[in-house]
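*Asks:* Sequence:
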Amino acid sequence: MPDTTATAYEALIQFLYRAPIGLVQTSLAGDIAMINPMAAQLLMPLVPDGNLFNLFDVLEPLAPQLRELARQPVEAGGTICDALHLTMPASATAAFDAAPRTLALQLLRLDDTTLMGTLSDATAAVQREQQRLAARVHAATRTDALTALPNRLALLEAIDAALERRAHEPGARWAVLLVDADRFERINVTLGPAIGDAVLRTMAERIRAVVGDRAAPGVAPGGTPRGTTARFGSDEFAVLLRLDREADRVGDCGDVDVEVEVDGDGDASGDVDLAACETLARRLVEALGEPCAVGGTDVHASASVGVVRIDGSHHHAVAVMQDADLALREAKREGGARHGVFTPALRARAWQRGSLEADLRRALDDGTQLFVVYQPIVALADRAIAGMEALVRWRHPLHGVVSPDRFIGIAEETGMIVALGEWVLRQACDRLADWRRTLGPLAPRSMSVNLSRAQVLEPSIVGTVARALAASGLPADALQLEVTESLAAQDAIVGQRLGELKALGLSLALDDFGTGYSSLSSLHLLPVDVVKIDRSFVGQSVTSAHHRVLIEAVVKVARSLGMTTVAEGVETAAQDALLATLGCDKVQGYLHARPLPGDEAAAWLRARAA
Numbered sequence: 001m002p003d004t005t006a007t008a009y010e011a012l013i014q015f016l017y018r019a020p021i022g023l024v025q026t027s028l029a030g031d032i033a034m035i036n037p038m039a040a041q042l043l044m045p046l047v048p049d050g051n052l053f054n055l056f057d058v059l060e061p062l063a064p065q066l067r068e069l070a071r072q073p074v075e076a077g078g079t080i081c082d083a084l085h086l087t088m089p090a091s092a093t094a095a096f097d098a099a100p101r102t103l104a105l106q107l108l109r110l111d112d113t114t115l116m117g118t119l120s121d122a123t124a125a126v127q128r129e130q131q132r133l134a135a136r137v138h139a140a141t142r143t144d145a146l147t148a149l150p151n152r153l154a155l156l157e158a159i160d161a162a163l164e165r166r167a168h169e170p171g172a173r174w175a176v177l178l179v180d181a182d183r184f185e186r187i188n189v190t191l192g193p194a195i196g197d198a199v200l201r202t203m204a205e206r207i208r209a210v211v212g213d214r215a216a217p218g219v220a221p222g223g224t225p226r227g228t229t230a231r232f233g234s235d236e237f238a239v240l241l242r243l244d245r246e247a248d249r250v251g252d253c254g255d256v257d258v259e260v261e262v263d264g265d266g267d268a269s270g271d272v273d274l275a276a277c278e279t280l281a282r283r284l285v286e287a288l289g290e291p292c293a294v295g296g297t298d299v300h301a302s303a304s305v306g307v308v309r310i311d312g313s314h315h316h317a318v319a320v321m322q323d324a325d326l327a328l329r330e331a332k333r334e335g336g337a338r339h340g341v342f343t344p345a346l347r348a349r350a351w352q353r354g355s356l357e358a359d360l361r362r363a364l365d366d367g368t369q370l371f372v373v374y375q376p377i378v379a380l381a382d383r384a385i386a387g388m389e390a391l392v393r394w395r396h397p398l399h400g401v402v403s404p405d406r407f408i409g410i411a412e413e414t415g416m417i418v419a420l421g422e423w424v425l426r427q428a429c430d431r432l433a434d435w436r437r438t439l440g441p442l443a444p445r446s447m448s449v450n451l452s453r454a455q456v457l458e459p460s461i462v463g464t465v466a467r468a469l470a471a472s473g474l475p476a477d478a479l480q481l482e483v484t485e486s487l488a489a490q491d492a493i494v495g496q497r498l499g500e501l502k503a504l505g506l507s508l509a510l511d512d513f514g515t516g517y518s519s520l521s522s523l524h525l526l527p528v529d530v531v532k533i534d535r536s537f538v539g540q541s542v543t544s545a546h547h548r549v550l551i552e553a554v555v556k557v558a559r560s561l562g563m564t565t566v567a568e569g570v571e572t573a574a575q576d577a578l579l580a581t582l583g584c585d586k587v588q589g590y591l592h593a594r595p596l597p598g599d600e601a602a603a604w605l606r607a608r609a610a
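Numbering follows this note's numbering, with no gaps: position 463 of the sequence shown is 463.
Since the hints were derived computationally from the structure, they do not count as laboratory data. Note that the structure is a prediction, hence the values are computed from the model and not measured. For each residue, glycine too, the CB sits at the ideal point set by N, CA and C. One or more of the hints may lead you astray.
What follows is a list of derived Cβ distance ranges for each label pair [claimed, not checked]:
1. 335 with 544: 19 to 25 angstroms
2. 453 with 364: 15 to 21 angstroms
3. 64 with 128: 23 to 29 angstroms
4. 64 with 27: 14 to 20 angstroms
Turn these sequences into a full structure, and let the hints steer you where they fit.
*Replies:* Now the structure itself:
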């Protein structure tokens, strides 16, 4: 061999043995013909006895498929496997301090009889990839897919981080604004979820623009209040604000700050903090009350905002959001499209409400605390008892009779209203059937029972009503179901369900007319037989010409549509006489009788006929 060739061969051998990657040459069956020190070092944890005779045998526990891959037809110079990651078992690496946890194997076919494998330590690369994947997963689990805002988890983590900062930095002050779309379900049901999603995206953009979220495009940094906006629920958003001057980073939810006035010592007072939050809340309500242009259509929406300043009573994010929700509920109770501010009194009231909820559940199971009272409905034409309205009452073992205003709302919010309403329906049907048997012609002509939205939307409601009628033996035309004006006008699903109920042969009454969304011009669209004029109109009918005109208009329109009218809340003889003059068909109120328990109502009916 010429000297130059020998020198080149020697250089190749030196390169192979000193190469920073493992090189191993084998037969097609895996028998090792050449292996460099790096490859031996990388494989040694798998063969502590040093038995490096066959590559496939050595790697069998990690890659049993190699033998089969090597048998596949591959052209010379072709790749059998590329960057195959092999995870080393812990038992193999325990005795080797610097042993790799992951190997990368590439196997090539050199010719018809020879394979060449390269091995490298892929531990660091795999760890980097795992870290990148973990970061992507972390971001994905904290980002809302619809709006690209931080999600509920991200916000809660950010609030917890803010609480931690507050504990170590007494000057750090924070607040949370919880934003909820008013009656958003109506948009989803009437216009479809795609429109609803578009409205939510628009709301997200408007909130970020008002708050000055740093991720929002086109927001001037100036004196604009800064915060981080997150989507907290299906139709809820939340804003985390830092109220002192420093704008430090908080968790993964971004950085926030609100410019506020400070006193001579550089500390903002709680009143100034609250004023800044309320100003921002009013701007949010105003911005979210503007129509949303979606697909060439203006969708009208509104929102309510709950404001809470984080203070020493807050020890975790959930507590902060609970207080924000209490403030939001207060705004909703006042009609929505406004903001509410948390006060400790709201927390005390919520505790009482929670206690009342638990007691109501027990009352439903108990069967002795709840009872039904009946208020007569009087026909003005002949002063006959046209019907009775069934109203539920609760006699609490400790607190006495609980006002319906206190527990009906709880029942609706918790879903107990379905079971409660069904119980009242059965009681009312059984009572009228009993009166018909015992009182004969003195019995009321019909029984009115209220239905809530949850009951109307319950798929089994038609069957529930039919079973109550069948069990009591009442004909369907003896039952009248009352729904509120706002419910009857809501959507097609409600309308369809009301039509199914009416098909049983019962009558439907529109309760509290004048307080909801309907107008006289749309009254003909509602599947009802009776219009009940709200007590707020009746109460001012004698002294207000405006209210008299409204009542007269309702009576005339209802009569033209073949509907009868009932005036609620009649308390004086003057009101009664005026309603008769205006053409109202029936009246109901304390002038004639207060709501009476069943036995007292029966006695009242007998006494009235005497």
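*Asks:* Does each hint hold? Answer for all of them.
*Replies:* We went through each hint and held it up to the structure:
1. At roughly 22 angstroms, the beta-carbon separation of residue 335 and residue 544 lies within the given 19 to 25 angstroms, and the hint holds.
2. Distance hint for residue 453 and residue 364: a CB-CB separation of about 19 angstroms, consistent with the stated range 15 to 21 angstroms.
3. Residue 64 and residue 128 have their C-beta atoms about 27 angstroms apart, which keeps the hinted 23 to 29 angstroms range intact.
4. Taken as a hint, the range 14 to 20 angstroms holds for the pair residue 64 and residue 27, whose Cβ atoms sit roughly 18 angstroms apart.
In terms of the numbered hints stated before, the structure departs from none.
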